[in-house]
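Here's the letter readout for the chains.
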Amino acid sequence: DAGITQSPRHKVTETGTPVTLRCHQTENHRYMYWYRQDPGHGLRLIHYSYGVKDTDKGEVSDGYSVSRSKTEDFLLTLESATSSQTSVYFCAISESVVLDTPRDLLEQYFGPGTRLTVT
Amino acid sequence: AQKITQTQPGMFVQEKEAVTLDCTYDTSDPSYGLFWYKQPSSGEMIFLIYQGSYDQQNATEGRYSLNFQKARKSANLVISASQLGDSAMYFCAMREGRANSKLTFGKGITLSVRP
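These protein sequence lines map, in sequence, to chains A and B.
Heads up: the first sequence begins at 1 in this note's numbering, then just goes up one per residue.
Heads up: the second sequence begins at 1 in this note's numbering, then just goes up one per residue.
Chain A extracted, bound-state conformation (with noise of 0.2 Å):
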């Protein structure tokens, strides 16, 4: 299993406040993503990372920051929860290496999860 770790596990916050969720890992993959998962959208990419503060917005980077100061962490902040950000979020790593063959991106690896409920 890659070693990818997301702290907390679970969340009660209340809106309005702010809430940074942290994602660890041990591999050294270039890449790090933040996704949401919600009933009915599969999963939707928020932000991404393809170096030390090297960051993008991914499909639903509203309402979201995020901040990579060392490989292995990758932090997202809701600066001012609100109850549509209630969610289960997943943090993951890729490698990607750039190969004269088509097949160059590897799969993605997955943290266990953040639930976040927003009252």
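Since the hints were derived computationally from the structure, they do not count as laboratory data.
In this text, all values refer to a predicted model and were calculated from it rather than measured experimentally.
Virtual Cβ for every residue (Gly too), placed ideally from N, Cα, C.
Among the hints, a few may not be true.
Short derived list, chain A residues pointing at chain B, Cβ under 8 Å [said to hold, decoys possible]:
no., residue
1, Y31
2, G40
3, H41
4, G42
5, L43
6, L45
7, Y48
8, G58
9, F90
10, E107
11, Q108
12, Y109
13, F110
14, P112
15, G113
We have chain A; now place chain B onto it with these hints.
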């Protein structure tokens, strides 16, 4: 248009039988990859199988195989000899382009294996 479409309702299969989970995709990029993940009731996401757009043969991993029909843009997952532990949600996902590492997921299919 949806990039990944999984439209089957909840699927049921008898233990030891084979089952096919459907996935269609939409992309204009000639280089792409297709992934299947399993999510059991415990919640973790487990990578199952990968198919590259240039792969000449269908991918196989143990009891999992991918029926890749490029012209139809379908990448169906076949599970042979179903086991009770196969009961889970299954997600199809796609990566588009060689320089892109992001995945787009379908909405998932629930599979229930009956004893």
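Is the interface hint for Y31 (chain A) satisfied, with its Cβ closer than 8 Å to some Cβ of chain B? Since chain B brings a Cβ to about 5 Å from Y31 (chain A), closer than 8 Å, the hint holds.
Interface hint check: F90 (chain A), Cβ to nearest Cβ on chain B, cutoff 8 Å. Holds or violated? Cβ of F90 (chain A) sits 6 Å from chain B, so the hint holds.
Interface hint for G42 (chain A), Cβ within 8 Å of any Cβ on chain B: holds, 4 Å
At a threshold of 8 Å, is the proposed contact between L45 (chain A) and chain B supported by beta-carbon distances? holds, 6 Å
With 8 Å as the cut and Cβ atoms as the points, is Y48 (chain A) at the interface with chain B? holds, 6 Å
Using the nearest Cβ pair, does Q108 (chain A) come within less than 8 Å of chain B? Interface hint status for Q108 (chain A): holds (6 Å vs cutoff 8 Å).
Answer holds if the nearest beta-carbon of chain B is closer than 8 Å to that of P112 (chain A); otherwise answer violated. holds, 6 Å
Does the closest beta carbon of chain B sit nearer than 8 Å to the beta carbon of E107 (chain A)? holds, 5 Å
Hint status (Cβ of F110 (chain A) to nearest Cβ of chain B, threshold 8 Å): holds, 4 Å
When the least beta-carbon distance from G113 (chain A) to chain B is tested against 8 Å, hint result: Hint holds; G113 (chain A) Cβ to chain B Cβ min 5 Å, cut 8 Å.
Does Y109 (chain A) pass the interface hint, meaning its C-beta sits closer than 8 Å to a C-beta of chain B? Hint on Y109 (chain A): holds, closest Cβ of chain B at ~7 Å, below 8 Å.
Hint status (Cβ of H41 (chain A) to nearest Cβ of chain B, threshold 8 Å): Nearest chain B Cβ about 6 Å off; hint holds.
Taken one by one, the earlier hints all hold for this structure without exception.
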